[in-house]
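*Asks:* Residues per chain are reported as follows:
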Amino acid sequence: MKIRLVLCAAGIHAALAAAPPVPPAKVVSLRVIPADPTLRGAGTAVRFLAMAKYADGVERDVTAQAEPTLSDPEVAAVGDGNRIIAKADGEVLLRAKFGGRIAQTRVKVVQADKPRPFSFAREVGGILTKKGCNTSECHGGVKGQGGLKLSVNATQPKDDHHYIVKGGVFQVLTTESGGPAVPRVDTKEPEKSLLLLKPAMQVPHGGGQRFTKGSPDYDRLLGWIRQGAPFGEESTEAAVRTESVEVLPGETILDANGRQQLVVLAKLSDGTVEDVTSEASYSVSDVHVAKLTPDGLATALQPGETAIVVRAAGHAVSKMVSVMSKPAPDYPAIKSHNYIDDHILAKLRKLNIVPSGLSGDAEFLRRVCLDLTGTLPPPARVREFLASKNPRKREQLIDALLDSPEFVEFWSFRLGEILRYRQRSTQLMKDTQLYGEWIRESVASNKPFDRIVRERIAAEGYAGPSRYYYELRFLAEPPEIIAEQTRLFLGRRIECARCHNHPFESWSQDQFWGLAAFYGSMVDLRNTVMDDSVVIDAPEAAAKVIHPRTKKTAEPRFLDGTPLAKEARDDPRRRLAEWVTGHPYFAETLANRAWDWFFGRGIVEPVDDFRSTNPATHPELLAAMAKDIREHGFDLKYLMKLIVSSRTYQTSGVPNETNSGDRTNWSHVVPKALDAAVLMDAIAAVTGVKEELKEGPMGVPASARAIEICPDLFSNKFLQAYGQNDRATLPEAKPQPGLAQALHMITGPTYSTRMLDDGGRIDRLARAGVTNRQAIEELYLTALARFPERAEVDQLDALMRSGASRKEVIFSLMWALVSSREFAYRH
Amino acid sequence: MAKVRRTTTGSSNRCFVWIAAVACLLFPVRAQDRTDPNPPEPRLASLYPQAGQAGTTWQAEVTGENLEGSRAIWFSTPGLSGAVVKAEEVKPEKAAPPGAVVERQYKITLRIEAQPSIGTGIRFLRLISALGLSNAIQFRIHAGPVTSEPEEKHASPSDATLIRLPAVVNGRIAKPGETDWYGFDAAAGQELVFDAISSREAAATGFHQQLALYRIAASWFDPARPLRVAFSSDVRGEVIVQNGDPRDRSGNWVRLKHRFAEPGRYYIEVGSVFGKGGPENSYQLLVADSKHAATPEFWRQHPWQERSFIRRLGNEHTRALHARTLATEAPAAPATSAAGSDHASSSSAKPAAVARIPRDARAEAAVENEPNDADAQALTVPLPATLEGAIDRESDIDAFRFQVARGQKLAFELETFEAAPPEFNPRFEVVDAKGVEVLSNLARTKEFKNSKSVYLLAVEPKVVATFEQEGQYVLRIRDVTKRAGGPRFRYRLMIRPQIPHVGDVLVETRTRANEDATLDPWRVNLRPGQARKINVTVEHEEGFFQPANMMALQVEGLPPGVTALTGSSNPSLASRFGGPAVEKAERYQPARQDLTVVLDASPSAAVTDLPVTVRLVARPFVQGKPGPSFPLGELPIMIVAADGDTKK
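In the order they appear, the protein sequences are chains Y and P. Just so we're on the same page, the working numbering is the position in the first sequence counted from 1, plus 533. Just so we're on the same page, the working numbering is the position in the second sequence counted from 1, plus 136.
Hints are not guaranteed to be accurate.
In silico lysine-lysine, DSSO-like type, Cα no more than 30 Å apart, as pairs [stated by the list, open to error]:
1) P:Lys-393 to Y:Lys-1084
2) Y:Lys-1099 to P:Lys-289
3) P:Lys-393 to P:Lys-582
4) P:Lys-230 to Y:Lys-1099
5) P:Lys-570 to Y:Lys-1223
6) P:Lys-230 to Y:Lys-1085
7) Y:Lys-1099 to P:Lys-582
8) P:Lys-230 to Y:Lys-1227
9) Y:Lys-1227 to P:Lys-289
10) P:Lys-230 to Y:Lys-1223
11) P:Lys-230 to Y:Lys-1077
12) P:Lys-582 to Y:Lys-980
13) Y:Lys-1077 to P:Lys-570
None of these hints come from the bench; they were simulated from the model. As the structure is a prediction and not an experimental result, all values here were calculated from the model.
Just chain Y, same shape as in the assembly:
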């Protein structure tokens, strides 16, 4: 039996034409970046870029062809590599001319008469970063390497200075240095410093040679040691610090074989900038798409997108670099439904990727029913929807689904996954029930998501959300709680910082324990005459949260380092809840997670791993959605309606020549496997036979769906084979096909004997009164929400007339339908 599948295999990128494409002739605008920089100190330089925007909406690097001029050569000069070099205090206009357009930027020079103050972080940290000494694989590892500990990317310069000058290595459970403390500098005999001998391979070095004796970096370090290895200006409160690092230009879209010079600017606390392009280290996540030179020149290799990570001056930032496909000869005009499409379509246009057409009604109907309710549309509704000529029928359907009880069941399941509704206590199942009912009630009443989160973080008493805090018979430990809350509600993974500063990000161990301390006064209240436990905050009785290294009581501090005011400490978790839900991270995390729910992939992916080295594919869209959901009071239904109403969501899953390889720009809908429980319910809907779920004396009522069960209470082979999440941890993996599924399809009762149960659909269809064609049509409508094609009907009808048992043929057809990818996937 051949079942037509609309799913397409992943496409292969078309090879690029050998000759670089010629950009559209017309330059729409020209700009010079960085805009209005201020330089500090004579000799300080900054690269500039001339960026021309063309009629296709793409900005290209035309610096090499631009003609730069300066308004006052006494203040600054243009040097090699398109650098503006400061000479004297004052302001100067830098003009560039290209394509008949002129652009300018104002460069200000201050304190030209003063030498640039020394900064350990910038000077020494910069070399260590550039040379890869402080990566997590080398001395940036948790305990360092070979007796030397450095912070990753020089994020903790004071610690680095300590370990270099004093020696010693990091210990997880104490502030004492472990092992013998061997200083890496020798100020009496600087040339004998290990900091020089090892990277220059004058003595054996596991990390190999990093620079040669007498190289500029060697000499700079030697000079620093000769000066006594000072920490420098950042040791004073008034010192100028690097506040952030920016990579220019903001958006990088390359033609095939196109190039773009990147400029990395360190933004200092005094308002000036420093060009650290040459001191930065670069890495590319997809080396097939683009390559980067050590000086930050990006070159396109093949169409696609890649993230690049830039580490410099104690910071790490990332950005996306896109390489365009061949220009589409007749790029179609596509109508946007809402601002989501504006962002998606604009980028697709720039990348020369043509989105697939609007999905057909049948495709949309099945997709939206599964995504909003986890339920297949019944055949009567499929017929009705497909027959309707109402131009607003999609909108009306969305509204009907959002108001349905099936929506409540499905989104209780969805939220139950991330809020981890599971058997939390070994003894008190009613506690688990309370928690599950709180989730369900929150969905049924469309409770704003920020309120849901506030209720859970600040939960006290015996109310449903308070049950979350119980693991077995005790309250969960603050470090576990805060790691999960931060990941779930702020989209950041800070758990590494429990034992040490985060190896990739700037989360410190102090930050982690400061957050954990918000749970330091949470205790268990147990009435001596009752079994039930109650959660309260009682600072006078709590065991406190102890910082494992300092052994001191951790004081509650928000993630940004702000301490919780003393007068607010009687209710610390409420304050934390308010802070979390009011933070920009919260809205963007929710927007991103919602995107993942409907598209199977986040704008930031993984959805709970926002970090500087994991950029968003559509940062402006994410920001716009975050702003929107915040302005709409974190109304989940509003957010869902916005998404499913978009052209982007309603795009067909059938790819075209330009977009078949695209996985990150939502040019077409990518199929995603149904969750195990949704699939089980879908099979039950098609077969008319429900799976009986029992576990000892417990059982699932006949009226309940698989999505309603508490997953770890009822073990079921089908659910396990299809990747049911037991919610012991936050969900990470998405359903994936596997051998167990294939075996289950062949031998499992769900796909075989149970289909034939009395009273099921096969039993009914096999009886007289239903024609072959009616039976075939009903099965297609039920399982796939579409009519069968004529060829499919003819073939099946012939088979049913051929003398084979009618029931057997219907069974075979049903088996083939529910075993197909078209059925088991939402597409």
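Once you have looked at the hints, place chain P on chain Y.
*Replies:* Just chain P now, with coordinates in the frame of chain Y:
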């Protein structure tokens, strides 16, 4: 007179025995090993239906083990009679593993008749079997008609059982995942109360019934889709979940109240948490207009409850305390200071200006008057007093001011009569004129978990203290959380002089560890030539008895051929439930004294046809001299033939 718990089951003076001959049944009787120290005990596990109507006769089914030779029913109160109609041994579904002790399982049909004048409420029955007297099992008597769920499936709106209101329905969640649906018609604006109460036997096994209210509301997917309107643990209906208090095993009680905005057909679904099913999981469903709904008292058993949030406080309570004390008081105990040492030292310098309150003083009721969150707004009350109020909103505090004399011994008792723990956890604290806390009902226990010390807190329904310093104090009461509050968060707090008395008396008659002590196993079945040890724990409240004195135990009314040997320990503050000690335990828990009784039946002891109720009597010795004896409780005893045949 002090009484043991479950007194309604034990007194031969007030307990009527109705025996009916079993004409048609002869039970297989197994031979017993005379040397078996723990012979099988008859045990009832379930009773269905759980309820009947006064003035009617109904059939009921009990299940249990070791019930061979059951021949009569022993009821707790007059007005009830009945007979064993049929008995059958139930073969286990699975063979027991080799070497396992297998108890014989039985299903027994009873006929129960309730006189019209019996009155409503909780009653008990026991079976008299060849192996002796069973434990007691609970049922309820209603004034109105009582029906039972039909045999036919009624698990959805389409096959729901229609009920007329008001309704009392007996049902059972007998199988995993089972739900029972009942349909009814409601008028617009009508407010109905739905109560579901499980048997205490089911509650003891972790069965928690739940209620869901539905109406048919077409969904896009299904035109006949039932839509949940309210649920017994969501916020849309008024919900009371009376959880299993080990001192009040009346069963779990779930209440759902709902006002119907629209008239029409609705459905109430009875299920259980996570679909737990089994033959013992019986329930009663009551549906009534909210004006006529059963009061909480109807659902509760009322044995003596010394430390419970749901005992009724007031002058009746005080009278009951006086009835549980000795006619002659023991010497006063050394003062237990509620205040710090500064209070104690300053008190010695000042003469007392405020008179101490006599023990028999009548408590006046004082109702809070908002606003009273601040100490300056506290309502001044004379002692003794019964304070009443509600934590109307989250973070609400009610403050009361009172004056005490130096050396005054006070007891603070809390009652929550609507919302109760764990939903409402009232916390009070008493502060002195400087605002320093001298007392609270928040007890603290230190435990070790993962090699770290953690604290467990508990709000206590009763606290005692001695005030070393005369003066004015303020009592602040609130919910222990900062989230809960509302009109149902009502409390009653009694402040009274301490009345030394006997508190709870716990009798341990279990012969097997797996028998649930909360299900009233109190009974002793003795074989001739057999001896049995019974442990009795007496709680000494408010300094009833002092460690320096002694208390002995006497057993009165023993059947011929049975003698009792007794022993006792000194009272101590050891926790009844074991575990780590509560800080300042003397405030939060009574002194406990363990007493031992060995009942020894001689080989020639005569078999008894009926239970004999013996009395446990305490005899104190104060400073070496015997005081007046004091009844502690009663216990039914049977002498059973060694081979289990009571006819021998």
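*Asks:* For the pair we were handed, Lys-393 of chain P and Lys-1084 of chain Y, check the Cα-Cα distance against 30 Å.
*Replies:* Distance ~52 Å between Lys-393 of chain P and Lys-1084 of chain Y Cα, so the pair is violated.
*Asks:* Check the hint pairing Lys-582 of chain P with Lys-980 of chain Y against an upper bound of 30 Å on the C-alpha distance.
*Replies:* 39 Å, violated
*Asks:* Taken at face value, is the distance from the CA of Lys-582 of chain P to the CA of Lys-1099 of chain Y at most 30 Å?
*Replies:* Answer holds: Lys-1099 of chain Y to Lys-582 of chain P is near 26 Å, not above 30 Å.
*Asks:* Keeping to a limit of 30 Å between CA atoms, is the pair of Lys-230 of chain P and Lys-1077 of chain Y held or broken?
*Replies:* Violated: Lys-230 of chain P and Lys-1077 of chain Y sit about 51 Å apart, past 30 Å.
*Asks:* With a cut-off of 30 Å on the C-alpha distance, tell me whether Lys-393 of chain P and Lys-582 of chain P pass.
*Replies:* Given pair Lys-393 of chain P, Lys-582 of chain P is violated - Cα atoms ~40 Å apart, limit 30 Å.
*Asks:* Hey, Lys-1077 of chain Y versus Lys-570 of chain P, does the alpha-carbon distance stay inside 30 Å?
*Replies:* 28 Å, holds
*Asks:* Would the pair Lys-230 of chain P and Lys-1099 of chain Y pass a check requiring their Cα atoms to be no farther apart than 30 Å?
*Replies:* Distance ~63 Å between Lys-230 of chain P and Lys-1099 of chain Y Cα, so the pair is violated.
*Asks:* Check the hint pairing Lys-230 of chain P with Lys-1085 of chain Y against an upper bound of 30 Å on the C-alpha distance.
*Replies:* With a Cα-Cα distance of about 58 Å, the restraint between Lys-230 of chain P and Lys-1085 of chain Y is violated, given a limit of 30 Å.
*Asks:* Hinted pair, alpha-carbon criterion (30 Å max): Lys-1099 of chain Y, Lys-289 of chain P. Please report holds or violated.
*Replies:* Not OK: Lys-1099 of chain Y and Lys-289 of chain P at ~61 Å, beyond 30 Å, violated.
*Asks:* Taken at face value, is the distance from the CA of Lys-1223 of chain Y to the CA of Lys-570 of chain P at most 30 Å?
*Replies:* Violated - the C-alpha atoms of Lys-1223 of chain Y and Lys-570 of chain P are around 68 Å apart, more than 30 Å.
*Asks:* Is the hinted pair Lys-1227 of chain Y and Lys-289 of chain P satisfied, with a Cα-Cα distance of at most 30 Å?
*Replies:* Given pair Lys-1227 of chain Y, Lys-289 of chain P holds - Cα atoms ~19 Å apart, limit 30 Å.
*Asks:* For a C-alpha distance cap of 30 Å, please report whether Lys-230 of chain P and Lys-1227 of chain Y respect it.
*Replies:* Since the Cα atoms of Lys-230 of chain P and Lys-1227 of chain Y sit roughly 18 Å apart, the hinted pair holds (cutoff 30 Å).
Of the numbered hints listed earlier, those contradicted by the structure are 1, 2, 3, 4, 5, 6, 11 and 12.
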